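*Asks:* Listed here are the chains, written in short residue letters.
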Amino acid sequence: MHGFANPKRFLALASWLTPLLLLAGLAVTTAALAYGYFLVPPDRLMGDTVKILFIHVPAAWLGMGGWTAIALASLVHLVWRHPLAALAARGAAVPGMVFTAICLATGSLWGRPAWGTWWEWDGRLTSMLVLLFLYAGYIALAQAVERDGSSSRIPAIFGLVGAVNIPIINRSVVWWNSLHQPPSITIGKSAIDPAFLWPLLAATVGFSLLFGGVVLARMRALLADIQAEARLRRQALAAA
Amino acid sequence: MSAAAAILRRDLALLLGNGRGGPLLPVLFFCAVAVLFPFAVGPDAKLLARTGGGVLWVAALLAAILPLDRLIAPDIEAGFFDQLALRGVAEEAVCAVRLVAHWLSFGPLLVLASVPVSALLALEGETLRLLVLGLLAGTPGLAAIGLIIAALTASLRSGAALAGLLLVPLAIPLLIFGAGALAGGDPAALAFCAAISLVLCAIAPFAAGAAVRAAREG
Chain F
140 MHGFANPKRF
150 LALASWLTPL
160 LLLAGLAVTT
170 AALAYGYFLV
180 PPDRLMGDTV
190 KILFIHVPAA
200 WLGMGGWTAI
210 ALASLVHLVW
220 RHPLAALAAR
230 GAAVPGMVFT
240 AICLATGSLW
250 GRPAWGTWWE
260 WDGRLTSMLV
270 LLFLYAGYIA
280 LAQAVERDGS
290 SSRIPAIFGL
300 VGAVNIPIIN
310 RSVVWWNSLH
320 QPPSITIGKS
330 AIDPAFLWPL
340 LAATVGFSLL
350 FGGVVLARMR
360 ALLADIQAEA
370 RLRRQALAAA
Chain S
6 MSAAAAILRR
16 DLALLLGNGR
26 GGPLLPVLFF
36 CAVAVLFPFA
46 VGPDAKLLAR
56 TGGGVLWVAA
66 LLAAILPLDR
76 LIAPDIEAGF
86 FDQLALRGVA
96 EEAVCAVRLV
106 AHWLSFGPLL
116 VLASVPVSAL
126 LALEGETLRL
136 LVLGLLAGTP
146 GLAAIGLIIA
156 ALTASLRSGA
166 ALAGLLLVPL
176 AIPLLIFGAG
186 ALAGGDPAAL
196 AFCAAISLVL
206 CAIAPFAAGA
216 AVRAAREG
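The listed protein sequences correspond, in order, to chains F and S. This note's numbering puts the first sequence at residues 140 to 379. This note's numbering puts the second sequence at residues 6 to 223.
FYI, nobody ran anything at the bench for these hints, they're computed from the structure. Keep in mind it's a predicted model, so treat the numbers as computed, not measured. C-beta atoms are modelled at their ideal positions from N, C-alpha and C, and glycine is treated no differently. Treat the hints with care, as some may be off.
What the hints assert, rightly or not - Quick list of the computed label-pair ranges, beta carbon to beta carbon:
no.: 1; chain 1: S; residue 1: Gly84; chain 2: F; residue 2: Ala379; range: 31 to 39 Å
no.: 2; chain 1: S; residue 1: Val40; chain 2: F; residue 2: Ile365; range: 45 to 53 Å
no.: 3; chain 1: S; residue 1: Val137; chain 2: F; residue 2: Trp257; range: 31 to 39 Å
no.: 4; chain 1: S; residue 1: Leu52; chain 2: F; residue 2: Asp364; range: 52 to 60 Å
no.: 5; chain 1: S; residue 1: Arg14; chain 2: F; residue 2: Arg251; range: 57 to 65 Å
no.: 6; chain 1: F; residue 1: Trp257; chain 2: S; residue 2: Ala8; range: 51 to 59 Å
Looking at chain F on its own, in the form it has when it is part of the complex (with noise of 0.2 Å):
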């Protein structure tokens, strides 16, 4: 692992590695939402609007692992203080907030028709909502450590307090709302019909593949601001 912390190493396997994931993540979502649009039945009771589900539910997974991404490499980075596993987490922070907002924005389309509400208390709903916001103070938090160059541990610590925090969350907004109403409508949880299960998990690969190539390539476009500002201030220095 410490191998990569020459950052040297680390950009010579990701000036190949991110294109490859990102067209490779672009071709398994493109064929897997391709055949879960045209190609899947649409269901018995919610029609074609079902078949939303092929980016909601990938959205809501990558969402989550988003966090489980920053938790990892903040923990590597605060007990080896290994410097990429900071522009790791880093990197990670923004496609996870987007997945999160994509899952909120389809989730509230879904619901549309098939409960008839734009937004609904739910736990599950409810405790993305508040991962959201989670994301957003972690980036924030962030900018404001890289403006006033502070200690990259400061938002790993906030995102291993995150961690910590985020089952809680999700446990007590699952009582909060079991507590105030029961649930209204609770979406046909039989077992998937394996016609939808073979496209979901291709979109997930996909999405997944997609979001790797994103962290890549946004720890490279961190790496070169480093080291484009080491640059000038060399270049100063030797004019002065």
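Position chain S against the provided structure of chain F, taking the given hints into account.
*Replies:* Showing chain S alone in chain F's frame:
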């Protein structure tokens, strides 16, 4: 142990004195929200009694943001943590003491203020009892989150503005169980509120201590 007592005395003198904005500011804010609310929704006693407890919880949560920018930052600037570190006192220990001092400087006052303010919102009897008990159980957790956030944002210029954004999502479980207990339906709610408070109090000294050290290195 005597060091801890000395630090606690110093922290309390600072937090309860006027040096750090004073202990009254969050309490006055808490009361102001309670006074504003009836103006916004009308003086209907039934409506106030049903929603007032929740409003007071939100007010307590927002009031907890106010003292954060003066909680840790001045001590980092003054080198208080560095002096203690030189004498072998860990940041975690100082932060644990600070957590106690922070809670003492705003928790009990808030709980006391909630009693007269409840009269304004037509909260009586069982609801008032549950509100006071809930605030007693929940404010240590609010203080713990506040301490973590204050330590994380202490070295940042825009720390005060960030603190609110960072505190609100973390405080949601306390709000849910604290305000949820008001309905009186589930006695477990208060116990859960206290349990979450305890977990947060257990994490806070370590997270805040690590943040103080990070601020020194940064």
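*Asks:* Given the hint of 45 to 53 Å, check if Val40 of chain S and Ile365 of chain F actually sit that far apart at their C-beta atoms.
*Replies:* At 51 Å between Cβs, range holds.
*Asks:* Given a hinted range of 52 to 60 Å, is it respected by the beta-carbon distance of Leu52 of chain S and Asp364 of chain F?
*Replies:* 54 Å, holds
*Asks:* May I ask you to test the hint 31 to 39 Å on the CB atoms belonging to Val137 of chain S and Trp257 of chain F?
*Replies:* 38 Å, holds
*Asks:* If you check the beta carbons of Gly84 of chain S and Ala379 of chain F, does the distance land in 31 to 39 Å?
*Replies:* This hint holds: roughly 32 Å between Cβ atoms.
*Asks:* Do the beta carbons of Trp257 of chain F and Ala8 of chain S sit within 51 to 59 Å of each other?
*Replies:* Once the Cβ atoms are compared, 57 Å apart, the range 51 to 59 Å for Ala8 of chain S and Trp257 of chain F holds.
*Asks:* Quick check on a hinted range of 57 to 65 Å for Arg14 of chain S and Arg251 of chain F, using CB atoms only.
*Replies:* The hinted range 57 to 65 Å holds for Arg14 of chain S and Arg251 of chain F, with Cβ atoms some 60 Å apart.
Every hint from the earlier list agrees with this structure, and none is contradicted.
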